[in-house]
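Read off the chains here:
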Amino acid sequence: MEESTVQSMEIAIRGVSKTFQDGTTALQPIDLQVAAGEVLVLLGPSGCGKSTLLRMIAGLEQPTAGRILIGDRDVTQLPPEKRGIGFVFQQYALFPTMTVEENIMFGMKLRKIGKQEQKAKLEELLALMNLTELRKRLPIQLSGGQQQRVAIARVLATDPMILLMDEPLTALDAKLKEHLRLELAQLFRKLHITTVYVTHDQTEAMAIADRIVVMNKGVIEQSGTPKEIYLKPKSSFVAQFVGQVNRLRAKVKTAERGNVLDLGFYQLPYKGESRAVADIDVFLRPEDVYLTQEAGFSARVQDVIFLGDHYRVIAESGGQKLVIDVGNDTLIHEGDQVQLEIREDKIIYA
Amino acid sequence: MQTAGKALVYVLVFLISALILSPLLFTVAGSFAVYWGADMYSAGVTLSWYAKVFEKFGHTIGFTLVLAFCTVLVNTVLGTMAGYWFYRWKSRWVFVLEELLSLPIAVPGIAIALALIQTYPAMRASGALMLVGHVIITFPLMFRTVLGTLRTKDFRTLDECAATLGAGPMYRFFHVIFPSIRGAILSGAVMVFMLSLGEFNMNFFLYTPLTVTLPIGLYEAYSTLRIELGSAYTTLFLAMAIPLMYLLHRLNQSSAFSRNGGV
Ligand SMILES: Nc1ncnc2c1ncn2[C@@H]1O[C@H](COP(=O)(O)OP(=O)(O)O)[C@@H](O)[C@H]1O
Ligand SMILES: [Mg+2]
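For the protein sequence lines, the chains are R and F, in the order given.
With this note's numbering applied, the first sequence corresponds to residues 66 to 415, in that order.
With this note's numbering applied, the second sequence corresponds to residues 17 to 279, in that order.
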């Protein structure tokens, strides 16, 4: 597709909350701004309210309170068909009685576009999504991945001002998921269209997001770039939900040259914000602990799991469990006594 | 033991079929008799009863068909729309209203007929009241068939999807929902048609000399005229109803198939 013809719009969510008729509060009042052209990923566990928020942006649910703006237009009261959006559903939702072509043409026909232009656009999208061979097929004759590509083409055909996707890859098997994830990431980079993408899969979120918003129980826990979210999680929830992490019990103690963090089996300079002496939990990614010869602390290997490109090692020291990643050429066995060192600047005080 | 069991089942099936079919077969046979006495064809065979039926009751057949067609037309629109709206409507009152609209199945035709006469006396002469009555008693069939089919699959997502692509409610209905439930609507329509065709109970109270329907004519033929004439009349009725039965059967099969392939 050539540079997108439609200007992408920013989205403003102001104090939006949702309580369903049965009394379930899916969303506490939320404020969120999505910049024009930004790919924003809503990431969180199942049931945290991601879909509800997305469906309210689309107009498929009515907010209990608050306002939603697309560009500078308040769309809170508008039905979905008047919002100029595109929505990709987890279940593909292709029209079963229509062929691939007819599905893609569906939204185009509703717009004031010339016949020639429609045809050209159809060809372009078929090519873009690798569907040219399948154009005459019915949805039941397509695999899951093919169906989702049709669904994406169908949405792009309408030149949406914003693109909303609700777990578009979740129903696919792992290999296909990885493949389509890459395709999507490239597509987003090419299109520069404001996108809100919902997923519970943090790998997927990392791969495609400009910015990730982590949600939990109807509230936003943290918003930031994938790097910020991974390296500087602001809460223990975010630290544990995004990526693999060790949770360690520690004591903050006073010493002559600033406070120290006492893990029981090891002591490190304390770099947290609070100055108080206290019992705290800190987090540490598996890749931030490494094998060493000298220094460090000693630990006993409890389990070694081969994962192809690396080993995941479960070690124990001073009654605390540590998961660490080591290269697949390392000689390490269950029951070994090893020396470990921690990258102290990577300790997460959340 | 197993063969004996099987044989027993076959005998039972045969007996039951015979029990159901014999009266109909006798009626058909009797319609060709000059005089249906103790010995059916003792006075010879004739087609003259059929000629008489057309002469005396030809107009009732026409009227009945028109009435049934109109009923189907009205209910295809009403029942389908209602089914669609009910499907989309998210409220617990849906279930209460759904039961209310299905009430005509449980209420005897007489009661509905009398209520209609009391409420809309002016509509009786033209036969419009009869149409209203037929629409009321056949509505649940159409409505339930459509609603049931809509609920078997995730039409809500399709509907929502079409909306996000820019389609308004009407467009969505005619371009997305309707093509997917066409089979159900057709089979609903055939059921409505057959029910309207055979309705006696209510017609009996609502008809006027100008709006005699086939079942009323049939009743008259049996009760005041010759049994052979009535039989010929019945046979004609069966000749209309059986192809419809067959069509309905085919439709149900094909929609079961499309249910597996659809959505
Ligand atoms: N239509 C509904 N009626 C009542 N509760 C709902 C409805 N839709 C979602 N919920 C509830 O709202 C919460 C958030 O749901 P959802 O937004 O679908 O979560 P997510 O997409 O993050 O998995 C859940 O507890 C869910 O059960
Ligand atoms: Mg969801």
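Careful: at least some of the hints might be erroneous.
What the hints assert, rightly or not - Using C-beta positions, here's what the derived DEER-type ranges look like:
hint: 1; chain 1: R; residue 1: Lys180; chain 2: F; residue 2: Ser107; range: 20 to 26 Å
hint: 2; chain 1: F; residue 1: Gly164; chain 2: R; residue 2: Lys180; range: 36 to 42 Å
hint: 3; chain 1: R; residue 1: Glu198; chain 2: F; residue 2: Glu115; range: 47 to 53 Å
hint: 4; chain 1: F; residue 1: Gly164; chain 2: R; residue 2: Arg312; range: 33 to 39 Å
hint: 5; chain 1: R; residue 1: Lys292; chain 2: F; residue 2: Gly164; range: 35 to 41 Å
hint: 6; chain 1: R; residue 1: Lys147; chain 2: F; residue 2: Leu116; range: 29 to 35 Å
The set of hints was computed from the structure by calculation and includes no laboratory data.
Using N, Cα and C, we set each Cβ at its ideal position, and we do this for glycine too.
| Hints not upheld, ascending by number | 1, 4 and 5
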